[in-house]
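S.K.: Take the sequences, apply the hints, and build the full model.
Protein chains in written order, with our numbering: chain A, 43 to 186; chain B, 520 to 650.
Hints are not guaranteed to be accurate.
[Stated by the list, open to error] Computed spacing ranges between beta-carbons, pair by pair:
(1) His110(A) / His581(B): 15 to 23 Å
(2) Ile75(A) / Asp574(B): 41 to 49 Å
(3) His74(A) / Leu645(B): 50 to 58 Å
(4) Gly123(A) / Leu528(B): 55 to 63 Å
Bear in mind the hints are in silico, worked out from the structure with no lab data behind them.
Virtual Cβ for every residue (Gly too), placed ideally from N, Cα, C.
Listed below are the residues making up each chain.
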Amino acid sequence: MTETTKAPLRERPKSPHLMTGGFGSPLLWRWHITMATSILHRVTGVGLYVGGLIAAWWAISLAQGPEHYALFKALMGSLPGKVVMFGLTFAFFYHLANGVRHLVWDTGHGLDVKTANASSVMIFAFTAAATLAVWYIAAITGAL
Amino acid sequence: MTAGYRTPLSRARGLGSAKHGVGHWISERVAAIALVPLTLWAVFGVLRLAAGDYDFAVAWIHDPLNAVLIVLTIAISFWHMHAGMRVVIEDYIHKPLSKSGLILVSLFVCGLAGALAIFSILKVALGGGAY
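M.R.: Dropping the structure here:
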């Protein structure tokens, strides 16, 4: 036998996935709060990637002059803009809190199931409280 | 040593640890730790900037403390964005060319947007805006 033939290799065993037979098939695992916090860290990270590009656009518009800056502020101050900013506020506080939890996990602490479940609930509570607090401050300081 | 456990084929391919893993892992954590205080400060900044107009923003950037902190926030954020997006791409895209291509696109997007943003901040901080 030579190694030069391009015969397909036998399917290698795969680790269990969320889905057994692709999207639309029944969930292999029961949804759990730590699963939700894990995937939400990635979702919010990708969202904040877009948020970072919006921040760069803010800086560029400022350097381009008052008209460009006024256009940026008008777009971000519109209803769709505010919805995006609200989503980014939520994504930021979630990613921040869960990121700190990841740093704690990196030290080897808080990895047992009970602590991980409790910290998951705390992260959602913190995210909700911090998001609402920032938007309350925005409302009373005239930032809306 | 560890080389003794490798098969002849593995040695011939020359693949394996590049010995860069620990340094890469630590640099990701250092960036993440730095972003905790920087981004919390940035939220405070966004609240003030949202309430102000163009002149307020220019005056705000003229403060050296604000200018330096925002440049640091932007630089470390874009590095963190690239590092994070890279992990997401590596986990979900398995075709080597698509994977490398997407990582390269993300690197260029972060590099270009970060450079434009930092240059813009410095222009306003040093030159007084577009007057």
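S.K.: Could you run down the list of hints and mark each one as holding or not?
M.R.: Hints, one by one, checked against the model:
1. His110(A) / His581(B): 15 to 23 Å: 19 Å, holds
2. Ile75(A) / Asp574(B): 41 to 49 Å: The hinted range 41 to 49 Å holds for isoleucine 75(A) and aspartate 574(B), with Cβ atoms some 47 Å apart.
3. His74(A) / Leu645(B): 50 to 58 Å: Holds: the Cβ-Cβ distance is about 52 Å, inside 50 to 58 Å.
4. Gly123(A) / Leu528(B): 55 to 63 Å: 57 Å, holds
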